[in-house]
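Assemble the whole structure, with the sequences as input and the hints as a guide.
So the protein sequences, as listed, match chains S and C.
Just so you know, we're using the UniProt record's numbering here: the first sequence kicks off at 1 and counts up by one.
Just so you know, we're using the UniProt record's numbering here: the second sequence kicks off at 1 and counts up by one.
Honestly, I wouldn't trust all of these hints.
If you only want the chain S side, here are some residues facing chain C, beta carbon under 7 Å, derived [what the hints assert, rightly or not]:
| id | residue |
| --- | --- |
| 1 | Met224 |
| 2 | Leu332 |
| 3 | Ala414 |
No wet-lab data here; the hints were simulated from the structure.
Just so it is clear, CB atoms sit at the ideal spot from N, CA and C, and this is done for glycine as well.
Below are the chains, spelled out letter by letter.
2 protein chains.
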Amino acid sequence: MTRQAKLVVLGAGTAGLTALSEAWRYTDDVLLINAGPYGTTCARVGCMPSKALLEVAHAYGRRDWLAESGIAGTQALEADLAAVMVHVRKLRDRFVAGPIDTAESLGERNIHGQPRFLDPTTLEVNGERIQAEKVIIATGTRPNLPEAWRALGDRVVTSDGVFELKAPGKRLGVVGLGPIGVELGQAFAQLGCEVHGFTRGSSVAGLSDPDVNASLIEVLERQMTVITDADVTLDQGDTGVVMQGGGREVEVDWVLASLGRRPNIEGLGLENLDVELDERGVPVFDASTLRIADLPIYITGDVSGLRPLMHEAADEGRIAAYHALHPDAECLRRRTPQAIVFTEPGAGHAGLTGAKLPQSGVVTGSADFSRQGRALMAGRNAGRLQLYADERDGRLLGAELVAPDAEHLLHLLAWSIQQEMTVDQILQMPFYHPTVEEGLRSALQAVRRELGQRRTQPDLPLCHEPAAWALG
Amino acid sequence: MTRQAKLVVLGAGTAGLTALSEAWRYTDDVLLINAGPYGTTCARVGCMPSKALLEVAHAYGRRDWLAESGIAGTQALEADLAAVMVHVRKLRDRFVAGPIDTAESLGERNIHGQPRFLDPTTLEVNGERIQAEKVIIATGTRPNLPEAWRALGDRVVTSDGVFELKAPGKRLGVVGLGPIGVELGQAFAQLGCEVHGFTRGSSVAGLSDPDVNASLIEVLERQMTVITDADVTLDQGDTGVVMQGGGREVEVDWVLASLGRRPNIEGLGLENLDVELDERGVPVFDASTLRIADLPIYITGDVSGLRPLMHEAADEGRIAAYHALHPDAECLRRRTPQAIVFTEPGAGHAGLTGAKLPQSGVVTGSADFSRQGRALMAGRNAGRLQLYADERDGRLLGAELVAPDAEHLLHLLAWSIQQEMTVDQILQMPFYHPTVEEGLRSALQAVRRELGQRRTQPDLPLCHEPAAWALG
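Here's what the structure looks like:
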């Protein structure tokens, strides 16, 4: 017997579940097939447990500042790592429950098993054949781990395993200082671990601006060692793992390997689709519709490799289902790219940065958060903000930063960039006092100086267009 | 001898100094006359020292959550109030130095003394006469204090005195729960004081939405008593001050009177201007140009009573100087109104709220921060956000909220309102995961449900207008 379905979604993660949710607006005739664990990558092993850990680490990390500010007894504070990990798992489990419930609510329409394409509209799972009008591939990714390191057993973990640690050892090595590596490395350092971070290139946390990158490294080095441009080897040592790289050698209790992620495509039978594959083995697809060639198959979420972030995976799930099922689908744009790294101070970027910026015609302006008023008040004065604007019209193109409350500044920046606001227009918005948003204003004013503009009136909107909130 | 000046600025606070700064773009022929202390209200006795205190209080206030999260030893923590106050004054002095330097940099053009109008273009100060082409009044305000309470001496302080306290007593009464009252009341409560707050009306922190107001009161009551609709009397007690009001009687060591502020106009000789005065004794002026009648005199900053907030005072200083000195002054609008109360969680509003909202044609949507994901992760899950939108076109009109990181959400909201964005347009902006901005998204989605709209595609911009950051 062959089951039929208008839409089959492969994968019960963020992209798959939002694809289902979008699909339900058009049809109930959907099937979900999931090979891996239920619960999303974000909730199980990603953004949620990491944030639970980071919140504790950052708050505990304020104890020296509290002591300087008049709070007695801080020397008695101690992080009970085992208890912190219990706290993290407890919160995590709460957030994993939601997506599991959603999948289970499908009843027989939720199939647990490894799906395999026999041809573009026929899948096989658990020995059953399924005839699908449309298929959405949302199988996600898993952490990279060099084969040789598996011999070191439990002493080498990825983000899949780190939140399961019962009592993490106090000596920690981190290999790979992308967003996950710096977040978790700093967190364990703040919680009292001796942390040694190694990374291949010169950049950390996905930053590309040299000054901003240097600012984050300086902050991290207050709590952990940061060794850039290092190829790392791991070997069994007397009491742990010996890490060698960048001219350093250090023995640690355990190693967090944060070396990026690879697509979950094995066993899917992609070879039966007769389509071009990219260097990762993923079918080539249209970046706008997420459709693979002229097949009735779409690819979404982390496995697509486009924008491996939770809110982008959710968008891709919706985009794929919309294009797969909507008879008059319109062309949809993506939101302004935004990346947030939840260190303290935070880091990230919005809009165009690094190699994506035009080679010429870009002016910059920066702000130094080591002297910013509100940041000083909070003892969180560190970081640097760099803005990029179009030389011709002053339009904000992108931003990269290390700053207290970076996640909020990045929302303001991404929203302004998406609306194609000019530096002058942004300077007409309210900046309350005292807030870190005033640091953003300093950087905007620096851009304007670079643009060589001299304003002819105060930074306030003209009256031409009356608004409800205007005076009078 | 009579001194001449193109512009005379009365008052060396935020409004006066920004007026000077704007004036310098047109002329150096300015005089500053200041009767009170140098340094701005904000830096001396307002936003800056209060933020220094609040930052310590909020961080110390996290100790119970830290204990639940795996940090041992929190029971040893104790706020050394005297040391905290030293810390606050140290930071404050750093920020007061700037405006004092600016005034001193004027040399002989900075006159310390009480100015008095003899006629609209003639002032007298320290026995000297000054002929002014234009005058800007920026004399600020001072805290209200009922005459009868002065008999209680040091036991009753206003914001002018609170940051000078060497070792504040542990039993504190607060009369008046506007922004200053709730900020300082909560801060001292978090720092271990027994705090009793009384206020006349039913609203606290300047909130007008009943649900949002109730949310803040609920949060405050975890740390202090809040007695609304209470007229308070103060009397000398055996060991302190006896407060009576709202059916309660309590004895405290000291009382913070936060009962609003009154304009500094005494001695200015306003009676010699022959203009209409409002009920506060302040000359009636044009709210757009800040000009008093057809005189060459402008009134700016807190004394104007328009928007007694630091960033608004700065704007008013610039507006007044621009209109006073610019030959072709254009009509300028104000920024979207915004009020931020720096409690934990924070509170405030943006755009139109309360009585300023239209009587009909407004739809609302709310979000509950007690269950918001990121807020839960941080143990900061409390609060409520209420949005107001125009029923006809979905344009966001205003917002009022209690929420973690309220100050940042309020910037996003105020900027969106100032740009006259609709709820649909805002929902096309990026909302990163997991952030409190997702709570804002929930409220926007609630508004849309109320609007009865059914979207026809995912919440993403259409491709019609290509942008630099779009795909492809």
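Original post:
So which of those numbered hints doesn't the model satisfy?
Top reply: Going through the list in order, the structure violates hint 1 alone and respects the others.
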